[in-house]
Amino acid sequence: MDVLWLGVLALLLIGYFALEGFDIGLGMLLPVLGRTQRDRDTIVSAMAPFVLANEVWLVAVAGVLFGAFPEVEGRVLYGLYPLVVTLLISWILRDAGLWFRRRLDGAGWRAAWDWAVCAGSYGLALSWGMILASIAQGLPESPSPLAGIACVAVVAGAFAFHGWTFASWALPGRVTGRSRRGGALLVSACAAALPAAVPLAALAPWLLEHAAPEGTLGVLSLIIAPLTPVMAGAQVWTWRTFGPKRAAGRLPSFF
Amino acid sequence: MGVLDLARTQFAVTGSIHFLFVVLTLGLAPIIAIMHTRHAVTGRPEHERATRFWGQIYVTNYALGIFTGLVMEFQFGLSWSGLSEYAGDVFGAPLAIETLGAFFIESTFLGLWIFGWNRLNRWAHLACIWMVTLTAYVSAFWIMAANSFLQNPVGAVERGGRLVLTDFGALLSNPALVNSLPHVVGAGLWAAGSVVMGASAYQLFRRTPEREFFTSALRTGLLVAFCGSLVTVAFGYAQFGSIGLYQPDKFRVPLAGVALAAMMGIGQLVQFLLLLLAPLTYWLPRWRWAQPLLVILTPAPFLAAICGWLAREVGRQPWLINGRLTVADAMSHGLTPGMVTVSLVGFTGVLGLLAVTDYLLIAGTVRRGPGTVALGAEDEPTPAVLEHALSH
Numbered sequence: 001m002d003v004l005w006l007g008v009l010a011l012l013l014i015g016y017f018a019l020e021g022f023d024i025g026l027g028m029l030l031p032v033l034g035r036t037q038r039d040r041d042t043i044v045s046a047m048a049p050f051v052l053a054n055e056v057w058l059v060a061v062a063g064v065l066f067g068a069f070p071e072v073e074g075r076v077l078y079g080l081y082p083l084v085v086t087l088l089i090s091w092i093l094r095d096a097g098l099w100f101r102r103r104l105d106g107a108g109w110r111a112a113w114d115w116a117v118c119a120g121s122y123g124l125a126l127s128w129g130m131i132l133a134s135i136a137q138g139l140p141e142s143p144s145p146l147a148g149i150a151c152v153a154v155v156a157g158a159f160a161f162h163g164w165t166f167a168s169w170a171l172p173g174r175v176t177g178r179s180r181r182g183g184a185l186l187v188s189a190c191a192a193a194l195p196a197a198v199p200l201a202a203l204a205p206w207l208l209e210h211a212a213p214e215g216t217l218g219v220l221s222l223i224i225a226p227l228t229p230v231m232a233g234a235q236v237w238t239w240r241t242f243g244p245k246r247a248a249g250r251l252p253s254f255f
Numbered sequence: 001m002g003v004l005d006l007a008r009t010q011f012a013v014t015g016s017i018h019f020l021f022v023v024l025t026l027g028l029a030p031i032i033a034i035m036h037t038r039h040a041v042t043g044r045p046e047h048e049r050a051t052r053f054w055g056q057i058y059v060t061n062y063a064l065g066i067f068t069g070l071v072m073e074f075q076f077g078l079s080w081s082g083l084s085e086y087a088g089d090v091f092g093a094p095l096a097i098e099t100l101g102a103f104f105i106e107s108t109f110l111g112l113w114i115f116g117w118n119r120l121n122r123w124a125h126l127a128c129i130w131m132v133t134l135t136a137y138v139s140a141f142w143i144m145a146a147n148s149f150l151q152n153p154v155g156a157v158e159r160g161g162r163l164v165l166t167d168f169g170a171l172l173s174n175p176a177l178v179n180s181l182p183h184v185v186g187a188g189l190w191a192a193g194s195v196v197m198g199a200s201a202y203q204l205f206r207r208t209p210e211r212e213f214f215t216s217a218l219r220t221g222l223l224v225a226f227c228g229s230l231v232t233v234a235f236g237y238a239q240f241g242s243i244g245l246y247q248p249d250k251f252r253v254p255l256a257g258v259a260l261a262a263m264m265g266i267g268q269l270v271q272f273l274l275l276l277l278a279p280l281t282y283w284l285p286r287w288r289w290a291q292p293l294l295v296i297l298t299p300a301p302f303l304a305a306i307c308g309w310l311a312r313e314v315g316r317q318p319w320l321i322n323g324r325l326t327v328a329d330a331m332s333h334g335l336t337p338g339m340v341t342v343s344l345v346g347f348t349g350v351l352g353l354l355a356v357t358d359y360l361l362i363a364g365t366v367r368r369g370p371g372t373v374a375l376g377a378e379d380e381p382t383p384a385v386l387e388h389a390l391s392h
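Protein sequence lines correspond, in order, to chains A and B. Be aware that the first sequence starts at 1, since it is given in this note's numbering, and climbs by one per residue. Be aware that the second sequence starts at 1, since it is given in this note's numbering, and climbs by one per residue.
Next comes chain A alone, as it looks inside the complex (with noise of 0.2 Å):
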């Protein structure tokens, strides 16, 4: 059962950053591939209907993680927590410029919103990289600077690849100038999520140690298994909805 829940675990982190990976990194590109308004609300148009349905694999790791590895919760969160902090703040600050870009009329205003976007998107990097460092060397108090440098450069790379091959699979020959088929989209996923796989594998031992007992992960199990089916057609009706045949870059968009 413990084999089971840090599967779960490992499948949840690693699909957010091969998911999100693609926003966070359409966030930081945001003002290099939409130098026009127009262009950058194309983006952002491309992006939006997914972001709801990426960024709560996150919401899902931390609930895994309280439920299912309790100790492993507190020490992880705690032992981080400046960059988790920092994390948040970043995750808010760019939400809310998705959410609030379009809210009212106005150059200035969606201008500045975009802003949020992209420096939120850069603190999500930014922070990640560093957790991710941090996490590799065992959460230490004052983990080595070179490794979190090194780290971020990796993570925030491999988000800007993702995003900028989600905008050219998305909006082909559009703000990219180049297409991209879905084969070449699931690579770049599989680079974003690397980041993340390395540090999550060498961890495992650690985890198992630490599940929570049986009897919770019974009552866990017996209560999520039947909702399994609903969680993954609901991702998959997203991309099928809005995938570029059917409605990607479409203007306005609700963000």
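It is worth saying that the hints were derived from the structure and are not from the lab. Heads up, the beta-carbon is just placed ideally off N, CA and C, and yes, glycines get one too. Just so you know, not all the hints are guaranteed correct.
[As the list claims (entries may be wrong)] Taking beta-carbon pairs under 8 Å as the criterion, some of the chain B residues facing chain A (in silico): (1) M72; (2) E73; (3) E85; (4) G88; (5) D89; (6) T99; (7) S343; (8) V345; (9) V350; (10) G352; (11) L354; (12) V356; (13) L361; (14) V373; (15) A374.
Knowing the structure of chain A, use the given hints to seat chain B on it.
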């Protein structure tokens, strides 16, 4: 202020902002879903306009529920890691089920509903808002189950210095849960009815051109608020019996007693006014003198809701898990005032500013009326289509 008080303040502030927005989300969801159902069944444009207008208010409000909810979820691990160390095997289960079995589904379907206008088949699109509504209530159930465990820790025993889950059923039939859940659900409907009523009264007072639209909405809002108040008050009183059993001294804690009195005072007064107004529902939209009164009443259920939470949470002090774990023992070991101060300023500053912005945006949506709603707007014609149209 010591580090413990700082950490408690942080949780109280983010929790209060969270609940201000979530209580409206919870109450508005079924109202929007019913409006959307009428639109889908009849196909009449006035129902589509109502769904989109109140739907935009609903999703604008939803944003802050997410932002604050993220901080709430991670704050357990940041500031209160003693809670997961001692009781995570029990308390973590309802929270994990909430994130996976409710919020994960809710968030995905909300995205499909918001961006699915003019894309999805009529019935598929309608199913999305009903899924969002259903999972919102499932979510409320699990969160209340988790909170009720803190009030009255049933279904668990201590083994080796940690709590172990022994009876999951007891967690779900907790006396602290069975009456408080309908109390919160009623409060949500009351708050949502109040917003619909107040917004409509404001528009009618300004002699809106959308007279018919807001006349019908004012009646709906008033009746929902009144029904919500009946449920809220009934299940409020119903809680006293069981609270007397597991937390007999709850309201002797000064702040909890004051908060309880404030909640009951506001609740009783507003319910009495709604009781007087409900039989006049049909005529009320025409009575200009009544409209400012209805606008002034709008925030009352929100104030009462915050007071209710203060009473429930503060009355448990000094315990985090009643009789088992104190708040002081639950705080993360080694947390310093500096750490909490920085994050407290960051979280409350950012969330406070965003909350004010969000309320101004909702007010702006109300003021502009149903004519200029972004939610569900048609696509702009692409350049090729424009050219084609011009050449004819």
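Tested hints:
The criterion of a C-beta within 8 Å of any C-beta in chain A is not met by B:M72, whose closest approach is roughly 10 Å, and the hint is violated. Proximity of B:E73 to chain A holds as hinted, the smallest CB-CB distance being about 5 Å (cut-off 8 Å). At about 6 Å, the closest approach between the beta carbon of B:E85 and any beta carbon in chain A falls short of 8 Å, and the interface hint on this residue holds. Because the closest C-beta pair between B:G88 and chain A is about 2 Å apart, less than 8 Å, the hint holds.
Here the hint on B:D89 is kept, as its CB sits about 5 Å from the closest CB of chain A, short of 8 Å. Interface hint at B:T99: satisfied, since its Cβ lies 3 Å from the closest Cβ of chain A, which is below the 8 Å cut-off. The interface hint given for B:S343 holds, since its Cβ lies 5 Å from the closest Cβ of chain A, which is under the 8 Å cut-off. The beta carbon of B:V345 is not positioned within 8 Å of any beta carbon in chain A (closest approach about 11 Å), and the interface hint is therefore violated.
Annotation: B:V350 was flagged as interfacial toward chain A, and the flag holds, the nearest CB pair being 6 Å apart, inside 8 Å. Interface hint status for B:G352: violated, as the beta-carbon distance to the closest one in chain A is roughly 12 Å, over 8 Å. This hint holds: B:L354 has a C-beta 5 Å from the nearest C-beta of chain A, less than the 8 Å allowed. Hint on B:V356 is violated. Least Cβ distance to chain A is approximately 12 Å, over the 8 Å limit.
The restraint placing B:L361 at the interface with chain A holds, with a minimum CB-CB distance near 5 Å, inside the 8 Å limit. Among the interface hints, the one on B:V373 is violated; its C-beta lies about 10 Å from the nearest C-beta in chain A, farther than the 8 Å criterion. Look at B:A374: its Cβ gets to within about 6 Å of chain A, closer than 8 Å, so that hint holds up.
Of the hints listed earlier, those the structure fails to meet are numbers 1, 8, 10, 12 and 14, in rising order.
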